[in-house]
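Participant: Chains as they are written, first to last, in my numbering: chain A, 2 to 487; chain B, 6 to 1040.
Simulated from the structure, these hints should not be mistaken for lab results.
Check each hint, because a few of them may be wrong.
Said to hold, decoys possible - 25 angstroms max Cα-Cα, derived DMTMM-like pairs, lysine to aspartate or glutamate:
#	chain 1	residue 1	chain 2	residue 2
1	A	357	B	912
2	A	105	B	637
3	A	218	B	912
4	B	82	A	179
As the list claims (entries may be wrong) - If we take Cβ atoms under 8 angstroms as the criterion, some of the chain A residues that face chain B in the derived model are:
#	residue
5	73
6	74
7	75
8	78
9	79
10	116
11	119
12	196
13	206
14	250
15	269
16	274
17	280
18	354
19	357
20	404
The C-beta atom is built at its ideal place from N, Cα and C for all residues, glycine as well.
As a plain string of letters, each chain reads:
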Amino acid sequence: MNNRRNFLRRSSCGFGALAAMGLMQREQLNATCIPSACFNPSGLHHPAKAKRVIFLFMQGGVSQVDSFDRKPILEARDGEMVPFDDPREFANTRKLGSPQRIMKSPWAFKQYGESGRWVSDLFPRMAEHVDKMAFVHSMHTDGVAHGPATLFLHSGAMNVVRPSMGAWTIYGLGSENENLPGFISIAPSIGNGGSRNYGAAFLPAKFQGTPIGSAGKTELRIEHISGGNSVSDFEPSARWQMQAELQRIQLQQRMLVTSPGHDSARMPDRDELDSLIASYELAARMQVTAPELFDLSTENEATQRLYGIDQKQTEAYGRRCLLARRLCEAGVRYIQVNYGDDSANPAWDQHSNLPKHADHAAAVDQPIAGLLTDLAQRGLLEDTLVWWGGEFGRAPYAEKNGTGRDHNPQGFTMWLAGGGVRPGIAYGETDEFGQNAIVNKVHMHDMHATILHLLGIDHERLTYRYAGRDFRLTDVHGRVVSTLFA
Amino acid sequence: MKPRHGCVSECRRTVARGWRTHPWIAVFLALYCTLYAVPLHGFQTDSADLKTKTIDSAEPLEADFFENRIRPLLVEKCFSCHSTETESNGGLVLDSRTSILAGGDSGPAARTDTPESSLLIRAVEYRDPKLQMPPDGRLSPSEIEALRRWIGHGLPSPDSFSADPKDKGSNKPKSTSQLAVERALNHWAYRPIVSPELPAGRPLSPALNETAEATNPNPPNGLNLIDAWLQLAIEEQGSSPSPVVSDRVWFRRVWVDLHGLNPTAEDYARWDLSEDLSTDAREPTTHPSYPPLSLDQREAIVDALLNSPRYGERFARHWMDVVRFAESLTLRGFILPDAWRFRNYLIDSFNEDIPFDQMIREQIAGDLLPYESVNQAQRQWIATTGLAIGDHNYEEQDKQQLEMDAIDEQLDVIGKAFLAQTLSCARCHDHKFDPIPTRDYYALAGIMKSSVAMEHENVSKWIRMPLPLPPDEAKLFDVAAERNKSIRAEIDAIKKRIGGHSKSNRIARSQELPGIVIDNASARIVGDWQTSSSVQEFVDSDYLHDKSSGRGEKSVTFEPSAIEPGTYQVRMSYAHGENRSSKTIVRIFSADGEALVTVNQRRPADDDGLWQPLGKFRFEPGGQAFVIVSNEDSDGHVIADAIQFLPETSTDTTSPQSTGRKPQDPVANPSNNDAAAPANDESLSVKLKSLEQEAAELASMIESRPKVQTLRASAEPKDIPIHIRGSVHRLGEKAPRGFLTCIDHHNPELHSRTAIPQQSNGRVELGNWLTDRSNPLTARVYVNRVWYWLMGQGIVPTIDNFGTTGRPPSHPQLLDALAAEFIQSGWSTRRLVKKIVLSDAYRRDLTATESALQNDPENNFFGRGIMKRLDAESLRDSMLQASGELERPTRVASTIRAKTKDDYRYEHPVGLPSIYLPWFRNSPPELIREFDGANPSFSISIRNRSTVATQALTLMNSPWVHERAKIAADKLALAGLRNAFDHNEATTLTQIYLQTLGRIPSPEEISWSRRLLELGDRADLIHALLSSIDFRYLE
């Protein structure tokens, strides 16, 4: 203790001195211009309606006909064999129209809100917020299996490695908080693309998402943000300060040795060493900021209850949702809150046992409803876009005549709320069985384009030159669905 | 920066999407008003055509049918993507009758003879999931009907119903950028390499222009080829280059560049480059008192470095970035167990300085090249592993798509690695910038398609082949395989005999059986099933049958409530009998997807008459684990009784080959229960057991045969058609296998020399074409790469893009001189490396001269040095070196721990040099991930060089880094104890600095260190030094 006091008394060079030397973080890039550094962050191409995104990822594929896309015909014709175009069969064999047994939903539907939206008994709490939501019932996407479809949802590509949507977003808009990463994925799974789902691919590494915690674990923290296994009782702040001093001493020595008597402009590479020192300053600030941010115990009991943290079933996802709100307040631009696991058949993937959907619904329903309530009461919903959904939906018929539903990328439901979204509407339709999107279809590329638009980004102009050509999130596709805007 | 026209702003790859909103109402009104009066051409002159219609033509069309029903529809729903005024997605425009009949890439849009088969009708009906138009929603039934009638009547319409000619200004067609082919063909990179002459008066030093005997003690005053060209350019520019650095600084540069490690204090000492320790440690001389190194001394140092196995490891790592080396797949973390052989191939090849052209031919077609020894055959086969380790999504369900995506990935790597061309750009359309037509892409793709890269299943499998072995070794395996085959036959025969006898009652109780048994009582039942116990061969109280009715409507799902992750033998019981279905369909859902097995329920089950093995399956935590028995396609009673999941771990009593019953189970020995059983059944059972034991041993021996991951040449190589817009389901005309026409254009002889015979696979020819001395790209690209690895910036700065969108060479003559000499030297990487690191250019100080700062601020002319830093591997390995933990293994086989099922959360070993760590796509070692290690899913030519806060956090807080510091401190303490008499603070500090930074501390550092030691201990001091600027950055 005595040592530390001495140190603090004697040290003359603190972070202030370092900050004066610090320059913006710089990187050697093969890109000519990072939009986030060149444009006004209030909206890259046009005024933004949403400043940030919270994406509630339901891994495995929630069944639309058992949740938000009510199809009475399934009840009426339950058990009938009817020819359907099964997407897996089509991909494998290019055959269409195989007989399948129609299976009704085990859950009853009720109407909610002023908008009178139908919601099944899976999501009674979320249902209370239907008047805030814009449903898109006509989603369709690429990829019949989890791996391809999950990567497509996150990066707009199935079989080739591309930057994820969050990486594109902060590449375009930067971070609102220089002490925190701009893109955070909470409890991501390592399966089905794993880190590629929050990766930067060919974008510069700093646009990579930062994972916090992992699927199946309740602990939520940024790796290396805590003191590590310190080899002694060396206090973290003193350690940072001493390290910074050493960097400065060595930088000075270099300047003396390499260019005695010359000004530093003669050594252009010095910039990188200045950036290095600046990165240490940022890291030191993060180390102070992050643990406070991650400490959910500072929230009052009512708030914890609101997110379902007091109940065992909802605790894990509740904590993630509550953290998302805190990150949102702290200015993190893109937050993904994952509900999934590491297996090849993650969470909502009920091939054989549809009733298991109820367990998953029970785990997320209260936390998501709580998040919406909380965002609204804090005024955050106005400029925060909440996006809910999975990589695809499920078939309206029984898989292999069994008791579950297979994947269905041809038609499913997602919803948006807040951040410039027109509340209380439903857009698009699937066919009478809920199998194929047919009216006002919205492809995943279109959803990407639409969300970027709300963030003030023109998806066709957010490009990055790599390997000789300009890439973008939506490849050569994408349509902004402006009907969804308030 | 002016915006450049990129691919995404120009191309529309598929017709399926790309719908954009336009002010259509205005356009429509303008169209409608101007064209309304135009005579309806179709009605008047196509009457002959009209008469042939049978469908939908009974009712004549109303006079204004087109104007009222069709034109508004086309304008509103189709023209934004399909008209001459806007775009022609898929090559299709719909604004004249002619263009509709001509159609687009997929063929005619309408057929007046058979309207129902018209593509237009198929698209709007939304029946084909891959062809649905318009993309954002189906037309109303009446609109579809209108189109059908219109086509049925022969598309009667005005001449053209495109936009008003007067309206053209508002909606210009998108010009498809036609590249100036001639200009692109003359792009510098496609022109032949010309060995340039240096201007007179610039003598080259023969010693530097070194041949094997570069031992001349007094090199004449001359210049290295590199310096001659660089100085010429710098002088022409009116600048002067920076001075050369001190020998110690040069020494560290060359050490890090050739070995990927900081030199140690001992390394400096060995070459007489220690700092002068005779002076007071607090007043160190930064310049040694030794005389400067002579060229010969520097050459000796470089030779020593090149002769160390570390050199091959370092350069192999460079090349592993380029060929995206990895030992696992992102998808489900699958392990690629044979990839390590390819790593060793690269290390050995660089260490032996195998000519690089040979390495290219081996990597492209090693499996097809002739060989003279087993060793050679092995190394050639292993070389092709590089083509096979792409990070493919084997789970893709459209297998044609998967194959073409994998080929695209191979071509992407080949294009970037050897040619620095962005071939993938030509997959969907002719390259927008470079003279690479789609035809060339499919000419190359045909070569790759003539080899098999995977076998298809739900999750397809890459190809593993037995490695060629010396004849005696190979014979052992062949004999084993033969023996295994005959044993299998014998086992089958015995089983049949035993099975034939056991007709009597066999009722097993599920809780007495090993593994997990799900009886029909706890299964989920769909449809009308009947319980029965009339055939006494079942588990627990009864079994289910489908009453041989309601075919395809019934199923039974067996799902364990919980299953430990692992591999299981899955078996079913079914109370066999004559009236059963001979082809009962059983589906097993496991971590590997869905498997379908057909079971003949008329015969007794294979294992002891009760259990029919369905196969071995892997189950994951939380993953799917269930079996569905269904009565679809059945030809008799379908029986569903029980499913057993037997874990694969133990080998004795519960092994799948054994009866699967616990020994104390009375049912295990039929003779106890069944008096009618023949007496010799028991001896047969004993025999069966021993045979099965032997078979299992043989199988594991056969399994241990060394394998190589590779491609398998197809029996019938063939050309493939051009895939229109990159779609695997829309094929155009065939593209004969071949290479890049822009290269052959300048070298007609090269073209004829390397033509692919019809019966040939084509990869051998591709290797020959790539390495032909008249191919201008390959040598230039590689020489530039090596230059970049050593100098920090390429002569062509865009290392993997020599196309028209890349940057031109800063020194074209130097590039050609190096390339020509490289070919001349027999493609020797080692000589090229030596030439570069012995040049003055390599020794330049980082500080720019005044004149250079004026004339060349970006250092395009290499007038000063470029600051390098330890890359991820060098940083990790140098830390281990400082803590004394770095191992020095030679000949390392696979380092993947036995029984590793996937690469998730892999714990990497500590002391192995980074090159030998399992290279896992989902689990890169911590420091590799944080410090810009190459992403192994891509071909990487230039690594990211980021300076971000997470790196600082890692260095400051990672337990791994702390642990290195702690161990280094412990070692120091031990050494200190031995030399207790001179253990004082000054020597301790010196010791620590020498051990970490290879040098003695400066006075400022000494006072800083003292302050730190008041706060923490020596480990903290070492920890700080390991992440200091001088540890990580070169001077």
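Participant: Any of the earlier hints contradicted here, and which numbers?
Facilitator: Hints 1, 4, 5, 6, 7, 8, 9, 10, 11 and 19 not satisfied by this model.
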